[in-house]
Amino acid sequence: MALDEATLIKRLRERDERAFRQLVDEHQNRVFGLLVRMIGNASEAEDLMQEVFIQVFKAIDQFRGDAKLSTWLYRIAANTCKNRMKYLNRRSYSKTDALDPTTEGAEVEAGGQPLAARVPTPDRMLEGQQLDAIVQEAIATLDEDHKLLVVLRDMQDLSYEEICEVTGLNEGTVKSRLHRARMALKEKLAKRGV
Amino acid sequence: MNDLTHEQAQELFSDRYDGTLAPERDAELAAHLSSCEPCRREQAEFEDAMKAVKTASVKRSPRAPDQKEFTARVERTLSARSDGRFFGPKGIWGTMPMAIISLLMLAITLAIYLIAKRSTTGSLKEPIQRRDHGGEQLPRDLRNELPRP
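Residue numbers (this note's numbering), protein chains in the order written: chain B, 1 to 194; chain C, 1 to 149.
None of these hints come from the bench; they were simulated from the model. Computed from a predicted model, the values in this text were never measured in an experiment. By construction, the Cβ of each residue, glycine as well, lies at the ideal position given by its N, Cα and C atoms. Nothing false has been slipped in among the hints.
From the structure, some residues in chain C lie toward chain B, with a derived Cβ separation under 10 angstroms:
hint	residue
1	Asp15
2	Thr20
3	Phe46
So that you can see chain B by itself, here it is in the shape it has in the complex (with noise of 0.2 angstroms):
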């Protein structure tokens, strides 16, 4: 039987195991979502995911429980994540590829052919997947707090409330970065015929 969020802090506390593993299993796919959104890479995520589940068994001490594990959790998948983009940023990372591996014209290279170049029609660019290509693509030149803040917003579907918890900054810095990062992603895809 799954533990209510108090039972199931109080446990993590005592560092039982069943209690982690419910953990794992109740916000593996929220906090994947996140970070292959931010990261733009299913294995890479992957990898930062066990990052974050390791960085939370630890530091579960830490957790005052003035907000919702959920939102503590983001915020050290935020956190991970902005350190990981650093070190990759430093070695020249630049793949944003595959949300989904196997999807054919998912694969977008930022160093290589811009994708609206080897998209021969408007009709076919406009299509399904595609189209998502265009928008991950966007959003993945989205500078790093912009990004975030979309990630959060307009694809994890978190409340104000939520993502001023897990980025520490007030409702009025949200909103209006939130909107300049929206307006930054319009221009983007403008640009691209969406």
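Given the coordinates of chain B, assemble chain C onto it according to the supplied hints.
Coordinates of chain C only, in the frame set by chain B:
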């Protein structure tokens, strides 16, 4: 009423999209859009972009790794990093619930007590007494069997 600049009008796009724009501001924006072609175009592009993002997020939900496999992988890593302290291989004591272990210990203690009590070499009720001045006093039953002079 229709005093918004282009910049001010465009600043309100996000709030309108989120549904958090106050009615009077919404009316001001609507009034500005009705008379401003460039802002109307910007607004349409903004809505299209948001729609595309929403569609992509729903249609293209990332395929998470196999849940059991991933959980097992995290546990293996935690076990390795904690030198088996967590999620390590466990003997019978590690896998058995604490209540069963307690009952077993109680049963073993009881069995030892009963065996000791029935022992022919002595009784728990009548422990071997020692004399204050040295040599041991024999148990009462053995004393009677000693050869008489």
